[in-house]
Each structure stands twice: as C-alpha cells, then as structure tokens.
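Colleague: Sequence:
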Amino acid sequence: MEDVLVTAKCGTLKGKTEIDYANRTYYSFRGIPYAKPPLGHLRFKAPLPPDPWDGVWDATNHGEVCCFKPRGNDSVVGSENCLFLNVYTRNLGRLAPVMCWIHGGGFTFGSGNSDWHGPDYLISENVVLVTLNYRLGLLGFLNFEDPALDVPGNAGLKDQVMALRWIRDNIRSFGGDPNNVTIFGHSSGGASVHYLILSSLAKGLFHKAILQSGNAVSCWGTGQRSLCNLQTAMNMKASEETLLQLLQKMSLVELMQLQANIPIKYEQSSYQTFGPVVEKFSSQSSFLLEEPLTILRSGVYNHVPIMTGYTSREALNMDFLNKRVDVSDKKITDFELEIPITIKVINGSKISKHIAEKIKLHYFGKCPEENLNQYYFLKTDTIQTWPTHCTVRHHANTAKEPIYFYRISLDANLNVFKKLLKINRPGTCHGDELGYLFKNSKLPVPSPHSPEMKAIKRFTKLWTNFARTGNPNPTEADPLINVHWKPVVKDKFHYLDIGENLTVGVNPERDRVAFWDELESLSLPNSKL
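According to the working numbering, the sequence shown is numbered sequentially starting from 581.
None of the hints are false.
For lysine-lysine, the following DSSO-like pairs were computed, each having C-alpha atoms within a straight-line distance of at most 27 Å:
#1 K924 to K860
#2 K829 to K649
#3 K1070 to K924
#4 K1002 to K1019
#5 K616 to K829
#6 K1072 to K1041
#7 K625 to K649
#8 K1002 to K649
#9 K1070 to K783
#10 K1037 to K1022
#11 K817 to K649
#12 K1066 to K1041
#13 K1019 to K1034
#14 K783 to K625
#15 K1070 to K980
#16 K589 to K783
Ranges of calculated distance between the beta carbons of each label pair, as one might list FRET restraints:
#17 N815 to L1000: 36 to 44 Å
#18 V1063 to H621: 52 to 60 Å
#19 G784 to H934: 44 to 52 Å
#20 P1054 to R805: 41 to 49 Å
#21 K1072 to N815: 50 to 58 Å
#22 L672 to D631: 18 to 26 Å
#23 S1027 to L1000: 17 to 25 Å
#24 H621 to K1002: 44 to 52 Å
#25 T605 to L1104: 56 to 64 Å
In short, the hints are calculated from the structure, not lab data.
Heads up, the beta-carbon is just placed ideally off N, CA and C, and yes, glycines get one too.
Please model the entire structure based on the sequences and the hints provided.
Modeller: Okay, here's the thing in structure tokens:
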C-alpha cells in the first residue's frame, strides 16, 4: 500500500492507503500520540498535551495498547506508554462527520485497535472514524482523597478528554469536521460517553453521543474507592501517601500483579472495582465533582442529541465475563445479592429481605429452580434494562436535545460474542451488535447479499445518519430504514427494535421496568415498610 503524508497542528504524519472489504480505498493513520506518555512521575496523573516531534511521525502501525493482564494468563499485555489514537478516512479534503469510538472492557481491558474495531463498515458511509486507547485498571482509575497527592481518580476518562481535544485541534487535516463530532462507545465505553456528557471538562468537545449498553447510572459504571482495596490486597494499613509512594516505585509487572490480586466483580450488588468516581477535591483537571444522578437531575450537563439502548438478552455472556460464576449451576441461593446497589438498603434488614423475596417470586415463582431463561432475564434487567430506562427517564426530564432509544434483538451470524463464545441460547447478548458496526478479524466478512450484510448496512446507516444530523432517520427514502423512529418524550419511551426487521413501539420491557421502579420506591425514606 502507498504511504500518504498529512500535516496537522500536531506535526507531519505518514499514514498509508488501504483497501476495505469491498475493494475501496481509504487512508489509515495509526498510533498517533494524543498525550504525553504517562510515565514516571506522571503515572496515575491527569494527562498532559503531547510533545511536538521533528520530522515525520510514522503512523502506519498501531501504538501499544494500555496494559492489562488477560484472564488465565501470567503475562502482561501492552504498555504504560499507550495514549494513542487511530484515524480512518476516505477523503483528506472534503470535511465529513467525525465518529470517535471509546472501547469497552469493564475499565480493565481492551483497546481501540482494528483487530476488534476495523473501520471498513462505518467509513463506507463517509464518516471519519477515530478509535483510541485510554488508561485502564489501577493506572487509569486509582483514586485518593488527599489533595496533596493529586490523584483524585478518573485519569482514564481525562485521557478521553485529551483525545477529544486532539480531535478538535487536528481532525480537519484528516478530512474531519471538528464542529460535528459524535462520541460513541459500548459497555464501559458507553458509560464513558455518558460521563463525558456529564463532565464540564468535556464541554464543547463533541456534538452528539451514542451510549451502547452502558451508562453512568449502572452499578458497574461506578468505581470503588482505592484505599481499602489496596490495604487489603497489600496486607498493610498504610496511608494514601505511603501507598502512592509504593505504587510509583513498582514495576509494571508488579503493578499488574497487585491489580490481579484485587477481585473484579461484574455484579449488581457492588460497585466496579476500577472505574469512575466522584473526585473529593476540585482542581484544574477535575472531571466529576458530583454524583451522576445529581448532575442529571440538575440539568447542568452537556446537552447534545443522544442515542442509547441495549440488547434483548444482555446477560447471556455474563458467565464468560465473570469467571467466578459457575456456569453449570444458575440456582440463586441469596436473592439479597441480586438487589442493585443503587437501591439503597442494608443487607439483612427487613426491607432488604422483603425486596429479595419479591425478586425471587417475580422471576422464579414460589419454587425457584434452575430456570436459565429467568436467570438471564433477571441479570439482564439489573445490569442493563432498568439502569438504561432510568438514564433515559432522567434525560427526558431535563434534556434540551432529542433522545433516541433502541433495543437490539437481531440474532444472526455476526453476533460477535455469541459467535466467538459459542453461545447457542436465543437472544442478543452484550456486545453482539459490534459485529455489524466494526470489521472483526476473528469473523468472516459476509457475502454481499446475505442477511448479515443487510444488517451491517442498516446498523451503519442508522449510526452514521445520527452522527451526520443528530437524527437516525434518513433524509430521503431508504428501503433499509422503512420505519420512522420517534425520539423519547417524557411520558412515552418511543423506541426502535432492531431485529431481522425494524419495528417501532413504546416503552419496551414495560412490566419488568415497572417492577424495579416499585422496588426502588420501597427503599425510599417515606416507604411504609
């Protein structure tokens, strides 16, 4: 492939010309530094702007991914020097909408690289795609309360803000419109997008947002305080200052081993081990100073058009994500552990036991057995369905821009996690839609007239229509999108079901959501229980 040179504000870069799955040309620029390497004394700190370079930056290969330790593997993947992004564009001249992808992975693993996030499908719709890496785990979400230490948390989210600043300052040179930027992400990436909506630090850096199976309201979208976890893992009652000194001196391998000793839970009864937190002191780089719900209720956030939703059976792949779940035994023995931590009750209390019994009866009847369908419905509702409805409801009450709500029920051969994990149960699981938005190196490209290729074109048109105009509906007749998708209003959650066909409706999972709303009301101070 031929090299291509671009000169942007950041400097001159060498990318390359590539051919997509349909034999069309595009330009790729990989491994572009968007921040100073967070090494040495910058470990755990907010990112700084990148240093300028002399000559030509080689942007023909991906940069290092942010380090993590794969499950069941003793080796460490990636590097601390990982703050790189990738740009994919069809045209270096005429400005096109920009879509900036924030990957998922529970804030502990993953990357924006093209093995999982190949640009072929989205850039077919004439957008500029940016994917990025950000710090994960301890490196990205260590948090201390002592202002003197300058480690308030959320470094990984501040990395994302720095990447958006890079886009604002440089993307025009790659054919991208800096005044038409859509941020979108899945799972913890979707939660990241929501946090960017809520953060004043990101004000003006994006213009539309897509939250795919992730938000800041979910129990797993919030991180835990680091002090107690570290004291337990290191078996010492040290101060924050002492702990930070020890962490700064550790090698990367030692740090990753320490991180591996802190249990990671994907459960509704506890917050995420590593993730976003409310910062305990204000500084120039403060990202989040109030609880997400407080910000949502106030209406003081970045008002942009929003698209959000979930899949029909999110929890189908949860057992594979959470290795501590025994996949051979789905019988729940303690229903109090199924109460989301966002429902404020004390474990063992009268109200907690009452709510637990209601959950048991609602999903399993009076004699719960190993009912896999009900097990997955319960997990889907607590992890995604109910938190997403809560998110939409709060935005509907305060938003100044439209909200488009979707539900994905497509069950076909590019459902990426079902395919790769060999899940044969019906339904669409967490992350399955990624196979229709991104070319995945582990999955074949479908034939031109297959149902899967039709689904790819439908997904990419909906997503890029929204990125282009803030409205996913086509501006002219399109046989692939043959329904009109209405935005949410306060008393009606209009939604689009994306299955083999497109259908529209109102208030998906109405009864299941109403059940969890009732349980939340029982936990409120004025409850009669």
